[in-house]
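Visitor: Just so we're on the same page, my numbering is the position in the sequence shown counted from 1, plus 42.
None of these hints come from the bench; they were simulated from the model.
Some clues are possibly wrong.
[Stated by the list, open to error] In silico SDA-like pairs for lysine to any residue, Cα to Cα no more than 20 Å straight-line:
{"hint": "1", "residue 1": "K330", "residue 2": "P235"}
{"hint": "2", "residue 1": "K330", "residue 2": "G245"}
{"hint": "3", "residue 1": "K330", "residue 2": "T317"}
{"hint": "4", "residue 1": "K330", "residue 2": "H47"}
{"hint": "5", "residue 1": "K330", "residue 2": "D236"}
{"hint": "6", "residue 1": "K330", "residue 2": "G101"}
{"hint": "7", "residue 1": "K330", "residue 2": "D195"}
{"hint": "8", "residue 1": "K330", "residue 2": "P219"}
[Stated by the list, open to error] If you anchor each label on the Cβ, the simulated ranges turn out as follows:
{"hint": "9", "residue 1": "A176", "residue 2": "A243", "range": "21 to 31 Å"}
{"hint": "10", "residue 1": "D132", "residue 2": "S341", "range": "12 to 22 Å"}
{"hint": "11", "residue 1": "G297", "residue 2": "G239", "range": "37 to 47 Å"}
{"hint": "12", "residue 1": "V320", "residue 2": "D119", "range": "32 to 42 Å"}
{"hint": "13", "residue 1": "A118", "residue 2": "T306", "range": "22 to 32 Å"}
{"hint": "14", "residue 1": "S341", "residue 2": "A153", "range": "33 to 43 Å"}
{"hint": "15", "residue 1": "A215", "residue 2": "P322", "range": "28 to 38 Å"}
{"hint": "16", "residue 1": "Q257", "residue 2": "G134", "range": "15 to 25 Å"}
These numbers were taken from a predicted model, which means no experiment stands behind them.
Note that CB positions come from ideal geometry on N, CA and C, so glycine has one too.
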Amino acid sequence: MAATHQVILDTDIGSDVDDALALAMIFGAPEIELLGVTTVYGDVRLRALVTRRLARLAGRDGLAVVAGAERPLTGADAWWAGFEGRLYDDLGAEAYLEDVSAVEFLTGTVAERPGEVDVVAIGPLTNIAEAIRADAGFARNVHRLYVMGGRFDRPEPEHNFRSDAVAAAEVFASGIPVTVVGLEITTQARIGPDHLGEIAAAGALGRQLEAEVRQWWNFTGEESNVPHDPLAVLAMLRADLLGSRPVGVSVDPDGERAGVSTTTDDPRSATRVVTSVVLPDAVDHLVKLIATAGHCGPS
43 MAATHQVILD TDIGSDVDDA LALAMIFGAP EIELLGVTTV YGDVRLRALV TRRLARLAGR
103 DGLAVVAGAE RPLTGADAWW AGFEGRLYDD LGAEAYLEDV SAVEFLTGTV AERPGEVDVV
163 AIGPLTNIAE AIRADAGFAR NVHRLYVMGG RFDRPEPEHN FRSDAVAAAE VFASGIPVTV
223 VGLEITTQAR IGPDHLGEIA AAGALGRQLE AEVRQWWNFT GEESNVPHDP LAVLAMLRAD
283 LLGSRPVGVS VDPDGERAGV STTTDDPRSA TRVVTSVVLP DAVDHLVKLI ATAGHCGPS
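Let's have the full structure, built from the sequences with the hints guiding it.
Guide: Here it is, written out as structure tokens:
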């Protein structure tokens, strides 16, 4: 199958395992040409090294990876689970691009292919906001931005929006075409032991992902996890599994409501909020793509 989506992934990979699962999904999707990955929030260099290792396990040694913004535009400290990178030996042997910034990579890649590049943003939106600030054409030239973030059923902040509410507010005010998957949708889905068995059987990448999933389960004290970020990827690939509608979205940048998202009816809006997910089909499909990625890499 020819690639129908040219994609840049922007991620805070290395903490919640859902980022790693989303990356593997992208590796396993023949519809996607992954142009590169930018990391965001906290130790972005470690996140870049983790990305490079997972890429190598998927047989994607040539993947361009760029470390992005460490600190949110709010100036707040980044949340850190404390176990990031512990499951990897000799990460120093990996290498990422150090002669270009994440903003330069984002704006340059999109400018070279105006109207063709989808950006999937599954962490705080700092890099995306900085790209919009740096290049007035960026918001116009992105084909569509797919975001995991926000909550649209009640006025509560979600982690990604709360972690950089200023960035989230600027991105949604920019006019960039967005499809956003909120917490009220993602929490309907779960990856459990049966799914994990399928992932673990998928080569070296699958075994690494199994270890990361179990690490996250130990951290949360649960025997399953929510595939927040994979559902943002799936919103791009399978609109039949994630229904959406056009609405206006704004995000409070500060104060007691920092990170809270508000919607208004607007059938002409370039922003679409996901309103439904077909289960178990959505989870079954994303697990299939993750396993496909593992089988394509070394055993």
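Visitor: Work down the list of hints and note, for each, if the structure agrees.
Guide: Hint-by-hint comparison with the structure:
1. The straight-line distance between the Cα atoms of K330 and P235 is roughly 15 Å, inside the 20 Å bound, and the hint therefore holds.
2. Straight-line distance between C-alpha atoms of K330 and G245 comes to about 14 Å, which keeps the hinted pair within the 20 Å bound.
3. The suggested pairing of K330 with T317 is violated, with an alpha-carbon distance near 23 Å, which exceeds 20 Å.
4. Note on K330 and H47: the hinted pairing holds, with a Cα-Cα distance of about 19 Å set against a maximum of 20 Å.
5. About 12 Å separates the Cα atoms of K330 and D236, which keeps this hinted pair within 20 Å; it holds.
6. Note on K330 and G101: the hinted pairing holds, with a Cα-Cα distance of about 17 Å set against a maximum of 20 Å.
7. For the given pair, K330 sits about 30 Å from D195 by alpha-carbon distance, which is inconsistent with the 20 Å threshold.
8. Distance hint between K330 and P219 is unfulfilled; the C-alpha atoms sit about 28 Å from each other, more than 20 Å.
9. Checked against the given bound of 21 to 31 Å, the beta carbons of A176 and A243, roughly 44 Å apart, lie outside it.
10. Judged by the Cβ atoms, the range 12 to 22 Å given for D132 and S341 holds: they are separated by roughly 20 Å.
11. Range check, G297 to G239: about 46 Å between beta-carbon atoms, so the 37 to 47 Å window is met.
12. As the Cβ distance of V320 to D119 is approximately 38 Å, the hint placing it in 32 to 42 Å holds.
13. For the pair A118 and T306, the beta carbons lie near 28 Å from each other, so the given range of 22 to 32 Å is met.
14. Judged by the Cβ atoms, the range 33 to 43 Å given for S341 and A153 holds: they are separated by roughly 40 Å.
15. Evaluation of the 28 to 38 Å hint for A215 and P322 yields a pass: the beta carbon distance comes to about 36 Å.
16. Under the hint 15 to 25 Å, the C-beta atoms of Q257 and G134, about 21 Å apart, fit the expected range.
Checked against the numbered hints above, the structure violates hints 3, 7, 8, 9; every other hint is satisfied.
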